[in-house]
Structure formats: C-alpha cells, structure tokens
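S.K.: As a plain string of letters, each chain reads:
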Amino acid sequence: MPVKRKVEAVPLAANAVAAPRLSPDRLTRFYADMLLIRRFEERAGQMYGMGLIGGFCHLYIGQEAVVVGMQAALEAGDTVITSYRDHGHMLACGMDPKGVMAELTGRRGGYSHGKGGSMHMFSREKNFFGGHGIVGAPVPLGTGLALAHRYRDDGYISVTYFGDGAANQGQVYESFNMASLWKLPVVYVIENNRYGMGTSVDRASARTDLFHRGVPYGITGEQVDGMDVVAVHEAGLAAAAHTRSGQGPVILEMLTYRYRGHSMSDPAKYRTKEEVDRMRTEHDPISHLRQRLLDEYRVADSELKAIEKAARDRVVEAAQFAQECPEPDPSELWTDVYAEA
Amino acid sequence: MASEVLMPALSPTMTEGKIARWIKSEGDPVRAGDVLAEIETDKATMEVEAVDEGVLAKIVIPEGTDHVAVNTPIALIAENGEDVAAELAAKAKAPPPAPPPRLAPRVPAAAAEPPPVPALDATEYAGPTTTMTVREALRDAMAEEMRRDPDVFLLGEEVAEYQGAYKVSQGLLQEFGAKRVIDTPITEQGFAGVGIGAAFAGLKPIVEFMTFNFAMQAMDQLINSAAKTRYMSGGQMAAPIVFRGPNGVAARVAAQHSQCYASWYAHVPGLKVVAPYTGADHKGLLKSAIRDPNPVIFLEHELVYGESFPVPDDPEYLVPIGRARIARAGVDVTIVAFSRMVKLALEAAEALAKLGIAAEIVDLRTLRPFDVETVVASVKKTNRIVAVEEGWPFAGIGAEIAAIVMEHCFDWLDAPLVRVTGKDVPLPYAANLERLAVPQVADIVAAAREVTYR
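Those protein sequences? They're chains E and U, same order as listed.
Heads up: the first sequence runs through residues 1 to 341, numbered per our numbering.
Heads up: the second sequence runs through residues 1 to 454, numbered per our numbering.
So here's chain U without its partners, still in its complex pose (with noise of 0.2 Å):
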C-alpha cells in the first residue's frame, strides 16, 4: 500500500508551510533520503526528504500551494511495483479521509489563532498603515535607517548570506551590501566588542545576537565598555550602538535557549532597555533606538515574529523610549506587562470582561527608563495591580513594579500587588513541564482574581 508523505513541521512554532518546489516528479523512483520538495515559511526554508523506498506515484499538493497545515499529505509514495492507479481510483471511491489533526501549539496561545489586532493610539499616529509581521517592521525599521544614515550597519551571525537566523535581516544584504550587513563568526564577545569600539569612533552599529541567550558571552563588554564609557569618560566618549535580537521563552528549546533577561539589562545605568509588543512599537521603537546617542538593549521574541499587526508607513514614525502604552483601558485593576506578556494578558482582560472585571493593560514597551507616571496614574485610578513577566521572580522587573508602587502610591493600593512570573526553576524541556513553568492566561486570570478579591 502506498505510503503518505506529510507535510513537516520545520520548527516547533511552526503550523503551516508553503510547497516551494517539487523536486521529484510523478513516476520518479524515490530511495530513503531523496529530496522529494522544497517546503518555506517565512522563517525558513527546508528539504522534505523520502523516508521510504519506491516510486512517487501522486503529488497531491502542487507546487507553490501556500498555507499547507503540518501533517497534511503532500504526495504519496508507492512500493515497486505497486499499482497506485487502482489504488488511487479506489480511493476516489471511498469517503474522504478525516483531515489531519492539526499540531497543539507546543506552547498554549503561541500561534493558534491570529490575535485581535489592537488598534493604533490615534493620538500618536492616524496616517496610512500597512499589515505586517513583527520580523517585517523590524526589517524595515533597520532598512529605512541604514537608508537615512550612512554610519548605521547591522553586524551579527547570519545576518547577510543567511538573511537572519529567525529572517528578520531579509534583503538588507540585497540592498546594503556586504559592506555594512556583516557575517560575523560565532563569537559574541569578540563581535560585540568590535561593535563597540566601532561605536565609540562615532559609527552606529546594530548588532544581532542570534539570541539574547548568546548574549551572555558578551556581557563584560556589553555593562564594561558600553554602558559605563560616557560615565567614565566624563561625557566624552560612548556607544551610540543597539544590541537586538530575540529573548525570553521560546518553544521547546529547553533552559540554555529560554530565558528572559530583561531584568539583568534593565538594572544597568547607561543602557536602555525596550521590549515592545505591537508591530508598531517594534518599527517605532527600534527606529528611536538606533538614533538613539545611548546604548540600547532591543528585546525581541519569538514567538511575537510571525504576528501581524498594522505597521505605519511614516519613515518618520518614531516611538519615544521610555514611555509605557496603554493597550487597554480598564478601571478595576491593572495589569502591566511587556513584550509577549502583553498579548496574554490582553486575553486575560478579555476572560476578565466576562467576569465584570475591567482590566487596565499598561505595555511597558520600555523598561529603562522606567515609565513611572503611566504606572501610577492607573494604579490610582484601579488602586489594584498585577505584573506580569516571563523572566524568574526575584529581583525581577514585578519585584521592582512592587517597590515603585510602594514608593509613589502605597496609599492607592486596597489590595497587595501580585506577580505572575516564570517559575523559579530552569526552564524545562517536556511539554507539560514547560507549561507548568511559563506564565498562562489562566495565572494572570487568577492573579486580577486575587487583587480584586472577586
């Protein structure tokens, strides 16, 4: 009997794909280890190689067909000899087969379903927009810099040939040339430091770490050299220079690759640290932090790359650093949060509605500066808050919302601040484990619960 070739998942976050190119065609005798096709996501691209022997007998999904969801048979794959026609025609007879159960999100709300797309603050922006992915507006953003000035460059591993490890840097070599989009070997304080001190003679570099993980090979030359030298040097030296790539948990890729390490950063003066969400911020932002004449630590993440939300087309479009968003309005408690946090904690207000709980949902998009004021003025308005994170709990960006709180606002507060954070453990591999560590919609839920004593 002929033998089903499945569409592969070429990432655990990955749920669909497109045929690029058939490689092999109908008739083909096909030995284990052939490259049957060329499969594309905007991630990546891949060979979807022959598991079994014998002859391609059926390509049933053509080439360049988009959207195909993992698991769904692309071709089918016959023993020698085998007669698929009559097989084949059988099979027209027969009722259709169920379709493939579609792959869980290895990590709940990932990627299941595309997410509300929150509108633009219209105070900030009413000009023409364009939907796009996350990795898109940051490859504009970096784009439409290196096009205004000559003195900025992207310098990081897989940047150029590759065009982005997670694709974020895709057509920049194109465009820029290998002058200033730069392969770097993997050597993260060496490139990092090279960056630097290339910053310090007054050019402006991006560089990329792969992600943020990696960048802990850096870190001397990240708190040493970058954040201290305008202090030490009495103002006369210092890096203009933004350090960006993805952090925080990704899928499935267990505690040296999951981890969130916007506290680390956020602690050191002489750095800024942002953290966006929307697709917006992540164009508005990187912009402001690459003009930016400080230090600037860009967290990215993941999970957030393949998301769209409505980008503004202004080149001019610049999100201030250092200044908090108000994602939802809500007037009995408030949720702050940041990067993916955001989106979960959006759908955590929406479960909270249901409730009669209105929630206030502050994006930090920036945690250093910290927005002070934004804060405040919800808590005294909600006089109730929970802080939400990714990273592990002590001495955590929530341990520092809670200080912050007590400092400006303690009398506001009718209930303790709650956080809900990453578990105080590395972060481990097993599906339900992973789960169990990161925070949920449910932990959120449970946490406005708390505060509002409802």
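Chain E on its own, in the form it takes in the complex (with noise of 0.2 Å):
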C-alpha cells in the first residue's frame, strides 16, 4: 500500500493531529469488530449460493478497516449514509446482525420489513441513514444530513461514504462545492477498492489520486492505508476534529480493496488471480491486526479465540434467524407508501 499523502487546501485543525496510541482493549474491539463483519459477509455469500438471498449482493469483504476505524472515530450523534455496499457499515454502527441477515433474506424480521433488501436498509436509533443504491446519490444526501447539522448546530458531524466509481459522478462535486461554500460538518470517506464494477480506477480516472479531488473547492484530502484500521482510525479522528470545529469539509481517500467480486455475479476477468492472493496474504486487515495484537500488545491467542468464537456465533444466530423468520405478510405490500397527514 502506498505511503499517506496529503494535499491540504486547508491545514487540519493542530489540536486533532496528534492521536492517542490505542489501547490493546481498544485493538480488540477493532479487531472483534471487523472480523464480526468478515464472517458476516462469508455467511452471506453462502446464503446467496444457497438462493437464500436474491437480486443484488455487494459484499465488503477486504474493506473492514475502513468502516471499523473510521466509525470508531466519531461520537454518537453523528450520522452516517453510504451506498450499496453497506453490510459493513451497518453492523459498524451498532446495527443488529440479525436484522440485517433477515433484510438480506427478505423476512419481515429485517431492518425494512423486507421490503428494502440488501442495498436499502436504514435505522434512526443508530443514525445509519441507508443504504442507497444509487452511485453518487448519497453524496448530496449526505451533504444534506451535515446541512441538518449545522442547521441544528447540535456539534455532530455527517460522515458520508462513497466509492470510486461514485468519485466520477458529478453531484459529488455539487456536494463539495455547496459543503465547502457553507463550511458544512461533512466527512467525505472515498473507499478507494480499485475497481469500479469492473473498471479499474485507471480506466475511469483522468487522475487517480482521488483525495485531490476537493482542491478546487478548497477541501483538504488526504489518501490514506485503507487495509490499516489504526492508520483509518488516527485520519478519521483528524478529519472529524477539523470538520467539527466549524472548518468545513473534509476527503479521506482509502486505499483499500474488495476480495470478492463487485456483485455475487462477477466474471473476474479485470483482475487476476494473483493480484487478489497477493492482497489477501500481504495486506489483510484482519490477520495483520490479529499478529500485532500478538506480538506487539501481547494479547493472548486464547482471548482472540474467544473473539472469533463469538463473532462466528453471532453469525451463525444472525443466519438463523433470518431463515426461520417469516416473510412480511402480504398486506405490508400496501404498508409505508405514505405516512398519514
């Protein structure tokens, strides 16, 4: 992975540079975390083969890190949206595995009642604001919940995720434009997977170092290693500081990568073997966590154990519950088109 560049349009607040090293408590929820949403995905993979669930299933598998540290960076309050790969996202938030397997399955125990699916789920408790499956159309969305606000000026922040392919699109730069204008409380997190669909960034990108894609709205970007979950972490602490101090926006560009293909239908013909391997064994961000937890925090094998025991666990009831809750029954067809005046 390549080493973190920064192009400040605007320097980031002095105060917020400098992150505390983690606690080993710490690094295992991190690690706990990300591998809950590994084995999560696995799972559902499986289901999909099983014709458990149907239509169209982005799995994050690769991508932990990112969604894991930069989560861990914000307080409760702050508000969250992303587009359709979003299991991740949703169990980072606190959002329960099992309505989200059972939305996958389409159960009327699902965060939607199973009307939403895999890309279009939404929970207000733990502010996650979907779950779009629009490329590009959560940006502005996203840009509207930090409109809210500073609107409110409630002191939260709005953290909006996007992929590379979404960084073509151009109401992302509508978004910076009106967010950098207002000096909006916005996170912009680019997750960088290399791949847009089947396109490589550098078949898409007349650039390809996204995180410069603020400079001419005057947003500071910086790129950072995605498959790292403290290096995510420490960025997202800076980025979330600044912006919540009043000096609008901000673009974390991660480099990171997705292990699967774009959809469970994916020919892998844009990509080698090799190249996935290669990423897999040098630079997962779960098993890279897991041998510094080892060797440098001295945290037990039998604790990390106990962690993957519980993260299987979980799935596994996750997985169970979604087969054997019933689907909605037929009149929720007519349910939620309105709500009453």
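A hint or two may mislead.
[Unchecked claim] Here are the in silico distance ranges between beta carbons for each label pair:
no., chain 1, residue 1, chain 2, residue 2, range
1, E, Arg-152, U, Gln-174, 20 to 30 Å
2, U, Phe-394, E, Trp-334, 21 to 31 Å
3, U, Arg-147, E, Glu-332, 46 to 56 Å
4, U, Ala-178, E, Lys-269, 27 to 37 Å
5, E, Glu-8, U, Ala-178, 22 to 32 Å
6, U, Asp-220, E, Lys-269, 26 to 36 Å
7, U, Met-219, E, Gln-46, 35 to 45 Å
8, E, Glu-125, U, Arg-147, 52 to 62 Å
9, E, Glu-317, U, Ala-178, 17 to 27 Å
10, U, Ala-358, E, Thr-335, 38 to 48 Å
11, U, Met-219, E, Glu-125, 51 to 61 Å
12, E, Arg-29, U, Met-219, 39 to 49 Å
Simulated from the structure, these hints should not be mistaken for lab results.
Heads up, the beta-carbon is just placed ideally off N, CA and C, and yes, glycines get one too.
Each of the two chains sits in its own frame; use the hints to bring them together as a complex.
M.R.: Here is the structure:
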C-alpha cells in the first residue's frame, strides 16, 4: 500500500493530529468488529449461493478496516450514509446482525421489514441513513445531513461514504462545492477499492489520486492506507475534529481492496487471481491486526480465539434468525408508501 | 426631431409597470447606453437605457407613476442643438397622438383582462379575506409556516438576495435571515439531494426550482431518494419536503423551458402532486404541503403568479391535499382541469352557457392522490366529460382520467371522453405556432360540443 499522502487546501486543525496510542482493549475491539463483518459477509455469500438471498448482494470482504476505524473515530449522534456495499457500515454502526441478515433474506424481521433488501436499509436509532442503490446519490444526501447538523447547531457531523466509481459523478462535485461554500460538518470518505464494478480506477479516472478531488473547492484531502485500521482511525479522528470545529469538509481517500466480485455475479475477468491473492496474503487488515495484537500488544491467543468464536456464534444466530423468520405479511405490500398527513 | 423613449417590456408577459426612478434629469446630456430610469413590475426591476444620443429634453411620465402601459412614451430625447421647446410648443397645439397600441398578449387570454374573481367555497371558509396575487399568497404561506415551525426553511436558486426569480420569496430573507432562506449555486441535482438529506434528518425544507424544467436534472433524487425511502426503510425514514416552482407553458420561451410535468410526477407512488389555480388554493395547499410528512411536488404556473384572488387571512386556513373543487356547477358536461387550464375552462364555460350548454368545471387541485370520487360524481350527473391539460397527450393526466372513468362510471357515459391537451410536439417559439400547440378556450368549447353532440 502506498504511504499516506495529503493535499492541504486548508490545514487540518493542529490539535487533532496527535492521536493517542490505542490501548490493547481498543485495538482488540477493532479486531472483533472487523471479524464480525468478515464472518457475516462470508455467511451472506454462502446464503446467496443457497438461494436464500436474492438480487444484488455486494460484499464488503477486504474493506473492513475502513468502516471500523472510521466509525470508532465518531461520536454518538454523528450521522452516517453510504451506497450499496453497506452491510459492513450497518454492523459498524451497531445495527443488529439478525435484522441485517433477515433483510437480506427478505423477511419481516429485517430492518426494512423485507421491503428494502441488501442495498436499502436504515436505522434511525443508530443514525444510519442508508443504504442507497444509486451510485453518487448518497453524497448530496449526506451533505444535507451535514446541513441539518449546522441548522440545528448540534455539534455533530455527517460521514458520507462513497466509492471510487461514484467519485466521477457530477453530483459529488456539486456537493463538494456547497459543503465547502457553507463550511458544512462533513467527512467524505472515498473507499477506493480500485474497481468501479469491473473498471479499474486508472481506466475510469483521468487522475487517480482521488484525495485531490476537493482541491478546486478548497477541501483538504488525505490518502490513507485503508487496509490498516489504526491509520484509518487516526485519519478519521483528525478529519472529524477538523470538520466538527467548523472549518468545513474533509476528504479521506481510503486505499482498500475488495476480495470478492463487485456483486455475486462477477466474471472476475478484469483482474488476476494473483493480484487478489497477493492482497489477501500481504495486506489483509484482519490477519495483520491479529499479528500485531499478539506480537506488539501481548494479547493472549486464547482471547482472540474467544473473539473469533463469539463472532462466528453471532453470525450463526443471525443466519438462523434470517431463515426462520417469516416473509412479510402480504398486507405489507401496501404499507409505508405514505404517512398519514 | 426629438425621439420618444417608450415604456419597455421586461418580459413577454408584462403589460404594464411602474417608473420607479429617473436617473437622468431634464436637460442632461445622454449617450447611447446611458441608464435613463428604473422601472418595476411585481416581478422584476430593470433599467431603461438610452438608444439615441442627445439631450433628455422632456420627462413625460414622472417618477413614481404606476400602471404605465408597455410602449407608452415616457420621455423625449432631442438631438444636440435641437430646439425642443419650440417642438413641444408645436406639439401642444397639434391633436394628441393616438394612444400606443398595447402589446397583444402573446399567449391568448394570459393576462389581457383580470379574470372574474371566483367566489371562495363558503363551506370551507367564511372568514375575512384579502385580495392578493398568487405570488403573494405563496409567499404568505411560506412565511406563516416558517413562523409556526422553526424546522421549515427555503432553499433554492435566487430565493434570498434576489427575492425569487419570479419574486415569490419577497421579504423572506429579511424576516428569517440567511440561515433559513438559502441561496444555492445552480446545481439542481446537488441541492435537491441536500434538501432530501436534511429532510431525512427531520427538517422540513421547501426546495424551490426556478422552473420545473430544471428539476429534470434532479429527477433521480426526487424519485429514488425522496419518493421511495419511506417504503424501502419499512417506514423508518422519509423526506418531509416540498419541491415547488413554476410548471407548464410560459410565454415564448420555447421547448426547453415550456413543459408540463404533471403526469411525470403523478406516476410515482410515494409522491403527492399538487397543481392549484386560485390564490386561496395556492396558499391553503402550500401550507398543507409544508405540514405533510410526505414529499410533495407543488406545481405552480408562471402565467398565474400575477393573477389576483381573495385569499383567507386565517393562518390556519388549510386546503386538504387530495380533494378536487367544483369551480362551477353545471349539468350538461364535466370539464376537468388543473392549474392555469382551470381559467380557460371557466372561460369556455361562459361561452358554452351562451350556447345553452351548462358545463361543470372540476378543478382537480391535487393530481396524486387523485380525487376519483368528485370526478366520478360529476360524470354521473352530466354523463359527459372533457379532460383538459397543458401537457402532452400520450400517457398524460387525461389518459389517466379516461381510465378512471372507464373503471368507475363507464355505464353512465353518453359519449366517449375527449381530451384537450398540448399538441404532441416540443413547444415551438413562433407566436402563431405556440398558440396552435397550447390548448385554447376554443378547443375546450369544441370538445364540450363534441361530447354533447351540440
């Protein structure tokens, strides 16, 4: 992974840069959170293969460090929005794996009562604003969440995730312009997993350094090793402090990688198996962190094994719930189109 | 010989205006391009520039004069060295010149004469009213709701400093400040999404599109983000938001700025779609729309903004979304219309009355949810129906009304439904072609005669 690079349109707030060294407990927590996402997504992939999950299903495997490191840098009350590769974000926001998995299977216990599916889930309680299926569309929406924070002067920020593919959509730049013009509290997290569907970044983008994309709007951007949860977390803390202090938006480009296909039906013709294998063996965020916990932080192997078992158990429980839960009542067809005025 | 400076038209629909201020005084030298005066309409302010060089010899219409018709001479410019006094003296003896011809209204019946003021439905409101323009009624609706609820704010192009591209938001910036009356860049998809995001967070934005033609840039946000989220989230999240602005055919602005989007939005579950005609309905429905927890598309009409109606003073006067109004009762034929077409339908009803045909005019006011009951009840009374709209015929509102009538009262029909619509072409610029493309009163009269076989 390339080293961290930064383009400072506005210097980030100085007090935010020195991140404290993370405690073993905190890092162990990151490990547990990433592992839950990994196991959840593996199970979702299996259930898709069994025909229990239909339609589009975009797995987050490989990218776990991005959302776990980032979410740990936020305060309760900050709002989160992303596009369709969203299962990891929901789990990192604290949503119940049972409700997420039951939505994937289209059951009444799902977060959207089975009416949203993989790409359209929300949690008011956890401040997760979706889950959106249209590439680029969450970016103005997340900017609007930031406008609401500013309007209410509540001290919270919006974290708006999108991918390298979305980074070429016009509405992203309309949003950058307004967010910088109005100094809105928003961190734009570009999850650059190198491929927009089957098109590599260098085949889609005239310039591939996506953290530069805010420069014309006066937005500071930083490129971060998105396979290193600690690097993500430190960058997230600095960015959140900067935008929370009223100095306008920040862009974080997370260099990451998805191991699986774009969706479940992916020909895998656009990249080599060797490339995928190299990323998995040399840069995997989870096994890398596990090694650090053992070597640097002296966490007992037995403790990590207990975490692994707990993650597996939660996913098994979620999968069981998602299969046993009944389908929505036919009357649900007609509900939630309108609210009573 | 001195040349006359004529009262200019600021827009294709302007018929008169006010001389706000003279910049030059009598006797001042004038060069081509110099600003002579400022003129105002209820919609805009503009400077009058000199075309000829010379001396401002005479100000004919003094500062502060209102209702000056377009093409009235407002000043005289003399050539250098010319004896204007002598010429004026000579003119004074000559018979007065014929009054300048008024500009013909470029869309017939647009603004030629003030329409008869329709009475309010007394069953709905019997309190005091104030006569005001539709644009003022819309402004008052927004101001009242912004006073009532601090979560309501206005967002759009030119809504704040400029006071609204069509002067609908006059005074709102002054009363509510820049936090709640927000000028956006020209970035429809972006600011529509920003408004929806703020609505997801529980605020109640009013998003103004300068016209609905530009909302096509934001269509994905309106449909995929605003309309569908309540359903997709199992009722957890939604956008309580109003998108408003002028829709339909303006005057001589041609194809890209003249289109009725009623059927586009009315197609979409999750949206409510409103298209009123009277001032009271504009105010009462906009207030209902702002209070509604669902996304509402509020279709206004540029050629209706300047019309005056009595409007209820009561700040709790609300017109419910989803209910049509009988604008004129009749027994021989039902004419269904919305927005500006109601005005044409009422004029057609007058003409039909002279032929002994009593037309009932149904003003839909809301297109989604559609008031099936009122339309069907009227058809069961008259047994004949004409559907009028400014939009294109194919898959339009008239087509939907035809289906509704088939489903609900086929056996009551004594003639097939006839549609009066905009012609199935992009709107042309030329005045004569534009007139042919847009529904006219005569078209409605002809359609009513067709279904009544008279």
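S.K.: Next step is simple, just say for each hint if it's right about the structure.
M.R.: The hints, checked one at a time:
no., hint, in the structure
1, Arg-152(E) with Gln-174(U): 20 to 30 Å, "holds (23 Å)"
2, Phe-394(U) with Trp-334(E): 21 to 31 Å, "holds (29 Å)"
3, Arg-147(U) with Glu-332(E): 46 to 56 Å, "violated (39 Å)"
4, Ala-178(U) with Lys-269(E): 27 to 37 Å, "violated (53 Å)"
5, Glu-8(E) with Ala-178(U): 22 to 32 Å, "holds (29 Å)"
6, Asp-220(U) with Lys-269(E): 26 to 36 Å, "holds (30 Å)"
7, Met-219(U) with Gln-46(E): 35 to 45 Å, "holds (38 Å)"
8, Glu-125(E) with Arg-147(U): 52 to 62 Å, "violated (32 Å)"
9, Glu-317(E) with Ala-178(U): 17 to 27 Å, "violated (52 Å)"
10, Ala-358(U) with Thr-335(E): 38 to 48 Å, "holds (44 Å)"
11, Met-219(U) with Glu-125(E): 51 to 61 Å, "violated (31 Å)"
12, Arg-29(E) with Met-219(U): 39 to 49 Å, "holds (43 Å)"
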